[in-house]
Amino acid sequence: MRLIACPREKEVSAELASGHWPHAVAADLLAHSRACSRCGELLLVSQAFRQARQATAAQAPLPAPGMLWWRAQLRGRGEAVQKLERPFLGAQLFTLALTLAAAALLVASQIRRGVGWQPWANWQDAHPLATAWQETARIAASCLDWFAHWPLALLLPSLTAVALFAAIAVFLALQTDPNSS
Amino acid sequence: MFWQIALPKPAAVEQPAELRMDSDAFAAFYERSARPLWAYLARVSGNGALADDLMQEAFLRFLAAQLSLDGEIAARRYLFRIATNLLRDHWRRPTSDSLDSVPEPHAPAVLTDSHAADMLGPALAAVTPRDRQLLWLAYAEGYSHKEIAEITGLQSASIRLLLFRSRRRVAQLLQKQTKGAPPCD
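Heads up: the sequence lines are chains S and A, in that order. For the record, in the first sequence the residue sitting at position 120 is 120 according to the numbering used here, with numbers rising by one throughout. For the numbering used here, count along the second sequence from 1 and bump the result up by 181.
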């Protein structure tokens, strides 16, 4: 098939696009379109498609634009939540691991330091109020002492966790609502 | 996410916007562009129900893209591009026919109460879906070869040849239907 275009096709197309065809078209172009097979094809096809477009578009069952707008907002929010959930899940897992590690270290250090668990088990044998007060004071002192010698291995992860949550909080605070106009 | 595959990347001139179309601007744009878009989808797919679904999905993705387009013409072109990709995705699904294959016997059944539609229906059904897309974009929507290339993702030079062939085929079919009547008014 040879691809030979008529040099006047553009003129015909322009007249069709402007809506001048056929009543406001130069006589020579009209005569040419009747004689030229390429321009005849162009006219036939263009007019058929334009009429079909008009007829089809008139039958379009359109939903209200507000409904589409609302659905787009919902979808946008859902996606925003999904985007946020991933880092949150990671942060939660990281925090859980840190907490478990801290708990294990705490238990290990307390066992090694020999905190008196026995009095807690037997405090009911003595005077209840006096024993409880003494034990509370002793354990508080023990905790203060323990915190004073907080191991670096525990301090660093804890500070990291705090920094991580602070960063997430700042991110959320600065994040504007993507659906607000 | 799967549906994002069909979302075309914007052209270089289209920069991300800080603020998108508001609801009033969208409603106005929708009123002007929804009917042509539905007609395109319905005539190319030959399925009115599918056109309903794809049109809504196209508008949702258009809104989700949150782009600052250079005027309504560019916005409409981008909308047609999304719709074209949706059609392509639909045809690529395993349950659907491929893009260039087989006839769609229900293609002319979209409209039946219009002479123009009755005349064009059989001719459209005789060409491939891709040719229907190209013909519709060129002769119903009036897009240039360059614009069609942007919408369909095809090469501009290929579009010229494809359009030439498909236009000739459709013209022959239309001429048969009109029983040799002259093409011009």
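FYI, nobody ran anything at the bench for these hints, they're computed from the structure. Be careful, since some hints might not be right.
[What the hints assert, rightly or not] Computed, partial: chain S to chain A, Cβ under 7 Å:
1. S18
2. A26
3. A48
4. A103
[Claimed, not checked] Here are the simulated distance ranges between beta carbons:
5. S:F165 with A:A208: 36 to 44 Å
6. S:L164 with A:L342: 39 to 47 Å
7. S:A35 with A:D270: 39 to 47 Å
8. S:A166 with A:S339: 26 to 34 Å
9. S:A35 with A:Q353: 54 to 62 Å
10. A:D270 with S:A103: 48 to 56 Å
We put the CB at the ideal spot given by N, CA and C, even for glycine.
Verification of the hints:
The closest approach between the C-beta of S18 (chain S) and any C-beta of chain A is roughly 10 Å, which is over the 7 Å cut-off, so the hint fails. Hint status for A26 (chain S): violated, given a least beta-carbon distance of 13 Å to chain A, over 7 Å. The beta carbon of A48 (chain S) is positioned within 7 Å of a beta carbon in chain A (closest approach about 5 Å), and the interface hint is therefore held. Annotation: A103 (chain S) was flagged as interfacial toward chain A, and the flag is violated, the nearest CB pair being 38 Å apart, outside 7 Å.
A beta carbon spacing of about 42 Å between F165 (chain S) and A208 (chain A) agrees with the range 36 to 44 Å that was offered as a hint. In this structure the hint that L164 (chain S) and L342 (chain A) lie 39 to 47 Å apart at CB is violated, the actual value being about 59 Å. For the pair A35 (chain S) and D270 (chain A), the beta carbons lie near 45 Å from each other, so the given range of 39 to 47 Å is met. A166 (chain S) and S339 (chain A) have their C-beta atoms about 56 Å apart, which leaves the hinted 26 to 34 Å range violated.
Checked against the given bound of 54 to 62 Å, the beta carbons of A35 (chain S) and Q353 (chain A), roughly 18 Å apart, lie outside it. The hinted range of 48 to 56 Å is satisfied by D270 (chain A) and A103 (chain S), whose Cβ atoms lie roughly 51 Å apart.
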